[in-house]
Every structure is written in structure tokens, then in C-alpha cells.
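**Q** From just these sequences and the hints, can you work out the full model?
Residues per chain are reported as follows:
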Amino acid sequence: MAAAAGFLAKPWVRWVAVLLVVVLLVVAPLIFPIFLNQTLARIGVFAVAVLGLNVVMGYTGQVSLGQIFFVGVGAYVTAYGVNADWNIALVFILAALIPGVIGLLISLAAARLGGLAIAMVTIALPIIGVPLAKRLSEFTGGSQGSSARFSSAPDWTGLADDQWQLYIVIAITAVVFLLTRNLVRGKYGRAFAIVKGNEAVASSMGISPYRYKVLAFTIASLIGGISGFLYMVVVQYTSPETMSFGHSITLLASMVIGGAGSILGSLLGGAYYVLAPQLTNAIDSSLTAVLQGIILLAILFVLPGGLVSLPRLWRRRRKSDGHGGAPAGGAGSRSAAAATVAPDVSPSAASVTAAPVAATPTPPEPNPPTQSEEKRQDT
Amino acid sequence: MTLLELTDVTAFYGPVQVLDGVSLTVPDGGAVGILGANGAGKTTTLRAISGTVRAGGSITFDGKDIRGMRPDKVAAMGIAHVPEGRGTLSDLTVRENLRVGAYLRKDRKGIESDIDYCLDLFPNLKERIRSHGSALSGGEQQMLAVARAVMSKPRLMLLDEASLGLAPSTAKNVYQAIGRLRRESGIAMLVVEQNANLAFTLVDTATVLETGRNALTGTSAELKGMDEIRRAYLGG
Amino acid sequence: MSTLRKKARITSVVAGIGIVAVLAAGCARGTAGDDTGDATEGPAEASPGITDTSITLGITSPLTGPTAGPGNCTVDGALAYFGVKNAEGGIEFGDGKTRTVEIKAYDDTYDPQKALANFQQMVSDGVFAAGIGLGTPTNRAWREAAIDEEVPQVLVMTGDPIFSDREESPWQLGLVPIYQQEGGAFGEMLASSTEDHKVAILSQNDDYGDGYVEGFKEAIAGADNIEVVKELTYEATDTSVDAQLTELAASGADVFFNAMSITPLVISSLKKTEELGWTPNWFLPSNTSSPGGILQQPDVHADVFPGIYTVAFSQSAASPTFAESEEGAAFLEAIAEYTNQEGVPAFPHCVWSWIAGATLEQAFAEMTEPTRENFMEALLSIQDYSAPFMLEGSVIDTTADGKPAVSDVLVQKYNGKGYAPAEQFG
Amino acid sequence: MGTFIQLVIDGLSAGSIYAALALAIVLVNQATGLINFAQGGMAVLAAYFAYSFLQWGVPLILAILLSMLVSFVLGALIERFLMRRFEQGDPDTAVVVTIGLLTLITGLCGWIWSFNNLQFPSLFPLQNVNILGAVVSVRSIGTTLVIVGIMILLQLLFIGTKLGLALRAVAVNPQSAAFSGLPVGRLLMVGWGLAAALGAIAGALIAPSLTLTPGMMDAALVYALAAVILGGLSSPIGVVVAAWMIGVLENLAAVYVPFIGFDLKIAVPFILIFIVLIVRPQGLFGRKDVVRV
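As they're listed, the protein sequences go chains F, S, A and B. Quick note: the first sequence uses our numbering, first residue 190, plus one each step. Quick note: the second sequence uses our numbering, first residue 498, plus one each step. Quick note: the third sequence uses our numbering, first residue -4, plus one each step. Quick note: the fourth sequence uses our numbering, first residue 58, plus one each step.
A portion of the hints provided could be inaccurate.
To be verified - One-sided excerpt, in silico: chain B residues whose CB lies under 7 Å from chain F: (1) Thr150; (2) Leu165; (3) Trp168; (4) Trp170; (5) Leu321; (6) Ile323; (7) Leu329.
Claimed, not checked - Keeping only pairs whose Cα atoms sit at most 25 Å apart, straight-line, the calculated DSS-like set for lysine-lysine is: (8) B:Lys219 with S:Lys603; (9) S:Lys623 with B:Lys219; (10) A:Lys212 with A:Lys408; (11) S:Lys570 with B:Lys219; (12) A:Lys80 with A:Lys99; (13) B:Lys219 with S:Lys650; (14) S:Lys606 with B:Lys219.
Quick caveat, the hints were computed from the structure, so don't treat them as lab data. The beta-carbon is built from N, C-alpha and C at its ideal position, and this holds for glycine as well.
**A** Written out as C-alpha cells, the structure reads:
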């Protein structure tokens, strides 16, 4: 097994894998059946929305229940722009920028107030957004909503509509995912992680939590706007119901199901958002709520870290079967993971003793999961 | 008469073995120290006793086997564990912290008089009686942790590095108060401490742990001078 | 070591070629994609979803969530109707073949995006036609896709006029009267009354409420004896409308025009107006005026108000005379057998869906070829068909452009037990 | 003048609905540190239990008490077999688990008792009393009084009793609580059980006016969360006062503030929160929490 892992790590093998994925993405829409193309396009839309939510919540730890509001605004801007015959590139830029600016303004005020305020403000966005959309009917078409037909395939491509739409979604989604991956892998990502870990530590290191929370929130709303644009590419119709509060809660659930704070997790989250209802429709369409509740709880029960932690869990279980040690208790692996993520910075206590003691960085007094919990479950 | 006896106690954190056969005894009313460098397994030994980590080997208290017992059951037997990091109940006031300590006791008058005794033992806590645990300084939180343990009227107190993160003068005050507590209450104590000098002000005998095993055991006097102690600290 | 690397490189290159080859073969799908729409003479090629022995209908409606009550009814009425027909061997089509009707139901939880996804699933599941579903935004979400795919979206449960505009929506047809018609019918009757009247309006803040108010205002525009003194709205998600009622009561209006589609809010409004000592004449929309479901609920005293009017085109399942009628009993029995509704359905949508089933049967009987085009022709040529449970004086007429299948509505007045047609106000 | 008082009275009775749910949310938060999104769903489930007892001929008061008992047991079981696994992990995951629980419960209610609006009798007669020109139904007075009663009971539980203290200790630091002999597992179950029983009262109070449907509490959940944030997560009194303020100001703003109107009146609680949080980030009555490094 170790040889294979080595093999995979080689640079040129990784390039071949990337090449294969690209080839697949280019050719797949041509050969897949229509409904699969349409489903994949919808998964792209909501994967981008979940990615945006991850930037502000998964990576920076700020609770946001308002992501669907930015998707809705992006969709409305697109619908208005298309119906007003603006150039499609201009429409795309506005669909991203306007929600981004709204997000910036809101976070400038809310970020100063700390966690609860941001959660409350983001809950308010979709709830106030729906009646506001009905009221501004000259822009939004009011409660009838507005449709914008602009994503049918142009003749020179010789493609069917579903293929053309899927290509647009794949292209934009790939770019957004790559840019975000570089963002969170770079210094911004590390800053977000520290702000998520402990704001007091962040400020003691010269990282202003306020600035990074505003940045994360703005990027999330910008990505939300892009998801709104893609929503219009796929659905070509939007109404106040698009930004209803219930969807925000489902987006949050999808983020956690996919795997919070992970790029691949966002993709899996988008897939869950779209496929879960289709799965429950196939089983029994009058039991949607019961089945979705069961699916959600089942996944979280088996994989608290979300679908993205499946390979890690599978590897750990195979490794720990090797020499029968106590299965890595939550504390073991989690604190190990925590140590690698949060760089070793936390001075053990405000006043470090002068005693000749090697100042081992004890993590800030954690609320350690009691091994006793595990003991009780075993006895 | 032995109150607590550990024989060949082992413990794991996941695949990592931390204790590899630790043995010690604490006589009724006695005080024993556990010394050693970082990672020697001092804290894990206390955790094995109080049931917060799974352990092998045998642990008996007052003749009864308590290995594998749930922490609250171990506490009910009369063992009070003052944890590393002090376990302060940050959302509760100082008085409420103390009343939580006396959760298992029914004697209302006894509880009130013990609260007064604790406030006398730790004067700093008296003015801070109303403030919340989170607002206390490191030293005050350590005093509160010891006071909370006293409130449960234990027969044995496990003290985990009471001096950690305290200014030397504060650490000395805490230990003086604990010394007075030991003289007046006769509670047996098992003291884990990095600062050997502070420990010797309290304990009669001590054992030095090295990579999860007893390297050396002896009375405070014997251990004080020996270079074993220095080697155990500075590493081989 | 190098041999290992060489071997590894070879395998991945071969794999690459393999994949490309497979894809090339698969490319055929790209060109042959657009096969629909080429009209060949000869016997018309059958549309998807219909065989010699069966025909499949798709219904996407909110089966869970806040509008699940009426949503489930839109499916259950048709399920019950065709359950009975299928048990009798099926329906005799115009082309002589007898086919059973299979219904595929999809839940869209009143979310437009899911409704479109469900429609796309229907197309891939190969349904012959779709429709009967509840909700304006949800039906609008896949209206244009249905036109592109040329799949019928018929007898939809929304009063939105766009579905009955032949030019805008060639493959669509509404079932229930458009909201403007219902509001207009009551407005006309009120305008024709001789005394002066002051009207207070409370409407739901969406196309449903706007439609009723628009129709009503149009009808009373000319009459100078009718004056709207106060007009307020509420949100479908509100838990109570007491504050609005307090303000409206202060207006002293003697007619209360009420465009609310939420049953519990109508019940609480009836109680609250009585509490406030305000006893106007009431107007209630067709889907929230059922005697059993609303007017005879505990603590509601309908007799306190001078008159309660509504517009209706079908009998209410909860009215006492319904269960006694032979047709009514058969309906209730079919509902019990073929659906998991419990007891008498509280929402009129079950009866309307049954009516839609009967209308479809009429269309099937006229169909000469198993194609969607032929089905639409047949469906849009039904006249003066008094479907089961239709009130006398209102019939199914699908021939008039701009009008849904049911378009003439009769103003009814509550008489303590059920509704009776009312000629004039007062 | 009558209209003004009437609006205030209506606001208070609407506020009491939000308060009932908010109190249950505070109880779970105090006892386990979690925010339980499914609190509303569990209250609806309890109301359905009471409804079924009524159908079997059990008198109303007894039916409500029985539903409280059943809810207590159910709340404890939900904590032991579902929430226990997530309490120490990532709080976001725990929140999503309660969202999954809410979806499941709402679905089960719809499946077992159908989505129709069921009539639920009220504890109080439908008379009304005239106060200063405003008509007040005995029912809304009764609801408000019961809520005040529960609020005081809760305040006493958490400040005065040993159980309340133990619940709070477990929520803050389970291991340290165990070291003082507190049976952590059982206390967590009791915490959830009490909250579920309190939710049952809320359900029985609210069902008569909203009529019983699986989604009855969904709209109230958002208001309750606003009240919990506004009033401060740790104080029952603060939360109830905040809920009443939201109910009253919402109605007054809808009528008297021209721009707001009845469609945007839902913005009122959030504007309120924004103003309060700028002044006191920990909410009206909450306590500043200190973060030690």
C-alpha cells in the first residue's frame, strides 16, 4: 500500500490524473443523457453556493444563515440584466459584484459585533429579502417572479441546450473552485483558520479578526452572486421563493454533510443538495421530509466530519485494525488534527512561570471529551 | 493502612502507550508526590485513577478495585481530582462553583460552614465571591479548583500541577494554604508537580516517573539531594 | 526502479487512449440528439409515455412543507379518480384502445428550482403529459421548458392567467378560474347592489392576493356607491393577522373583501373580527370558504355576520349534502382506498383534482392518435362538459382563449349549512 | 387610542408564542450548550401526542400532562442516542444534526397525522375582556400568564436549585462537573427532557390559535431565535421580555411607521437587535463572556 501512495505522490502522475479529469469534463457532456447533464449543471450551481458558505463558515467559523440571499440577488441581477439586453459578460460581473458589495457593507457593520450578531444579521437577510423582492416588483417581477431565456445553445456550437448549459457551469465552477482553493491554501487561508480558532489569539498575533471576517464575508457573498448567475443559466427563472429561508438551512446542512472547511466537501455538499430530493422522490414522494431527515442523520452519525472524511475514516479504520490499539478516541485524532491546523502559538497561560520548566505549549484549556464517555459506551 | 494502591498500571492514548507499569501506594492521611519531566506520564496516572482514561493493571482504593469506574462514581467514592488546567466552571459564580463541589452532600449546614472554611483558607476568593469563574485570575482559579475539591469532603485529593502557570509567589501561597488544609483536615493527597521544591513542602514520600515507569521512589529527604532527580529532569 | 516508472508511464498512456476511444464511439449521441419535431407523414410516431395499454401522467406539487395540505390533494384526487377507472379496466381512447392511467408524483416543496428538476426527471422518465400541480412560481419555473420540450402542462392548479393564454403558452391550460375572475364576480354583484357600501380589503402579499384585488377593483371601478376605505396585506408565513384586523375594524367598513389562502388565518380572522365587535359582510376565496373546514369550526360563529359570500364552481367535500350524494360517497370511498388521506379532505383541491381527472378522460375519449399534439387538440375542444361535483350553471369549457377549463364562477351565500347561489347582494 | 392599546395587547400575545419557544431553546442551551433548531418541531410533536390522547377521550389537562411526560422521555432518549455523539464535536455539526432532527420530526408528524389543519381545544374559554377600550381575549391573557409562570419557574430552577446548578455546570465543563460527582450523562438527558416538556406546554398553548399542522412552529422559530439573541442566551427573563418587545414593536411599526407596513414588519426584530448589539454585544440581559487564551 505504501508503494502505491508513493506512486500517487509523484508529480507527473498527478499531472496525468489532472489531464484525465480535464478530458473527462470536456467530453462528458457530449455522451451523458440529457437528464444527467441537467442534474450535473444543478450540482455545479449549488456546489458554488456551498463553497461560498464554506469560505465564511467552514474556514472562518462565522455562522451564516443568509447565503441563499446572495444567490437570490445574483439571480435577480442576472434576470434584470438579460431582460434589459445588457452584454452577458457585464451581467455576469454585476451578478457577482452587487451581492459582493452588499455583503461588504453588511459585514463592515456586523463583523464588529462578534459571532451572534453576524448569525442574526444573516438570518435576517433572506427573511427580509423575500418581502422586499415582492415589493420591488418593477425590478424583480414581484411575486410572479421573472424568467430570462438566455442560455439556449447558439447554433454555431451544434450542441443541445443541456450540453451548452453544462459547459458554462463547468467552466465557471472550475474557475471559482480553483481561485478559492488557492485563496484558502495561501496566507489568507491560514489567517481565516486562526480567526476561526481563537480571535483573541489572532489579534495577539497581529491578525485583525475584524478585517478577515469582513474579507471572508465579502468573498462568500461574491461567490453567492456567481452561484445566482449559474442558477439563472440552469433554471432561467427566479422568484421570491428562490431566496426563502428554508434553503439557507439546507445549504448549511449540505456544507456540513459534504465536509465543512474543505474544497472537495463543497462539491459533495452541492451534490447532496441536488441529489437528496431526487433520491427521496424516487423512494416515496410523499415522505420527502422523513427520508431526508433519516439520510442527513445517518450520514452525520457515520461521518461526523462529512462525506469528505470518508477516505480518512476508511484508512484510519484499516490502520487501527492493524495492531489492535484502542481505536483513536475522538480526542486523539482531533487534537492531533487541531495541532497541525492551528500553528503552535498559544502560550500556555498569560503569565509563563520562571521555573526551569520546558514551556510545553499546553493547548488553551480545552473542554476535553471525557474518555469516560468512551468507557461508558464500551462497558 | 494503605488508602490507594496502583500496581503495574498501563494506559494508551490511541496507539501511543503513555504508562508502562506504574506502581505506588498512598497511606491513609498520607501525601505522596509524583515527579518527573514532561511527558513522563504524571497527569495520565491521575487520569487513570479518576477514570478519565482507560487503564490496565490494578487500582484499588480503600481495598476496592476502582479501575474502569466512571469519573463521577470515582468522585462519589471520595476521590477529588483537581485537574490540570483547573476545570473552572466559567459561567458560574465562585459561590456556585463551590456549591457544585458539594453536589453529592446532603448536610446543608455542613456545606455552609465548609464554604466559610474555604473562604478563610483562600482569602482572595472572599471578595470575588460574586464574580464569574471566567473573570478570575489564574491563581484565583487554582484556589477555586482546590476549594471546589474540598467542598466534596474527599478522603483523597489528586492535585495536578497546582503551580502551573502561576507566578512563583502565588504558587507558594497556594501550597501554603494546601499545607494548612492537610494539617487541619488530614485529607490524603497525591500531588503531581513539576516544581520539586514546592512538592517537598507537602509530601512525605515521592516517586519519580520516567517514560511511564517508576524510575525511583523514596522519602522527601532522600530524594532531595540525589542527582537521580536532576538526571530525570534534564534527561539521560 | 526505472523499469517500474517506465511500466507505470506506459499503463497510463494506454489508459488515456482507451478512454478517448470510448468517448469517440459515444460521440454518436451528440449528433443524433435532436430527433423530435421532424414531422413524418404515415402513422404518427407515438409520443413517449403512451403504449397500447397504458398512459403515464406526471404531477409535481408541494407534497411536504407549509403548502403540503392542498399539495397532496392535487395528487390524491387524480389518483383516486384513475384508481377507480383502472380497476374497471382502464379508459377507452378515441383510437379504440383501452389504456390504464399511471400517475407519477414528484414533491417540489414549493421550490421553483425543484419543480424544474422534477419536470426534467419526468421527461427522462418518459411521461406522456404533466400538470394538475399546485403553485404559481413552481408551475411558472418549468412552463417555458415544457414549451421547448413540447410536453403538455395542463389543468394546473393556479389562477395565473398566463397558463390560459394560448399564444403565450401553447402547451399549457389552467384548471381553476383565474384569481381576477373570482374577485371580479363578487365585485360585479356588489356594484349592482343599490345601497352604498364601504369595503375593507385584506389580501395575501403575492400574485394570489394581487389577482383577487385587481379583479375586484376592476369590477367596482364604475360604481360610485362602493368605496374601498382600507386596504392591507399580510405575508403567507405570518402567524397571525390580528393587528391588520384591528386596523381594518377601525375603518368601520360594512363589507370585508378577504383574499387569504391560508386556512388557519381565515379561521382566526373570523374569531378575531367577532371579538373586535366588527360584523361586516364577508367575501372568502373559493379555496378557503369550505363550510366544514372553516365556517363550522369550534368557536367560529358564522351566524354573527350578516352574510358570508364566496365564489365556487364545485361542491365542498365537507358539506353535509356531499356525503349523502351517491357520487360523493363514491369519491370518499375512492379517496380512502387509493390515497393515504384520512377522513374527509379538508381542502377543495381534492375535488378539483378529481374534476381534472374527469376532464382528462373526456380528452382521452377524443384522442385519435397517441401523440401529444393530438391530445392537446382533443383537450382544447371540450365544451359544456358538466364534470362531477360541478355546481349547476358552471361547466368545463376549454375552447375560449385566455380562459382556463373552469371559467364561469357563481357567487354563493352561506345559509348556515352550506352554500346556495346568490343572485344579488344583501 | 383603542387601536394603540389593542395593537400592544395583540403584540403581547404574539410575543408570548415566541417566548414559549425561546424559553425551551434557552433551557437546552443552558443545560447542554447547544442551540436546538428542532425545539419547535418537538413542541409540535408533543401537541400531536396531546391531540391523540384527546381523541382517545382523555380530558384536556390530563392530555397535556401526559404529552409533557412523553416529551420528557423522548427528549432524554434523543439526547442519549442521538445528540450525545455530537456534543463534544464541532458545534456546526451539532446544529445540523438538530436541523436533521427537525426535518425528520416534521415529516413524521405529516405522515402520521397528515398535513391537514387539526383543531386543538384551548385551556381557556373564548371570552374577552375590555381593557381601556381594547378587546382582550381571555385566551391571550392566559397564555401570557402561563409564560410568565414558566419563566419564573425556570429562573428559580437555574439560580436556586441544585439541579439547575448541576445542569449549568455540565453544559460549561462536563469533565470538571464529573470530578465533583455529577452524573454527567443523566443530567444531559434531564436537561433535554425538561426542555421537551416545556416545549409541550408551548405547543399546547399555541395550537388552539395557529391550528395544529406539522410546520406550525416554523414561523415562530425565527422570532424565538431573534428573542434569544436579543435577550441574551443565558437569561430566561431577558428572553421573554425580548419576545414581548418584538411582538409589540412589530405591530406598532407595521401600523405607524409608513415605510415598514405589514409586509416588512418582520424586519423590526432584526433592526432592534442591531441597535441593541451595537450597545451591548452580549444582549440585553446576557453576560459578557470572557475568553481566556
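**Q** Checking against the hints above, which ones are violated?
**A** 4 and 7
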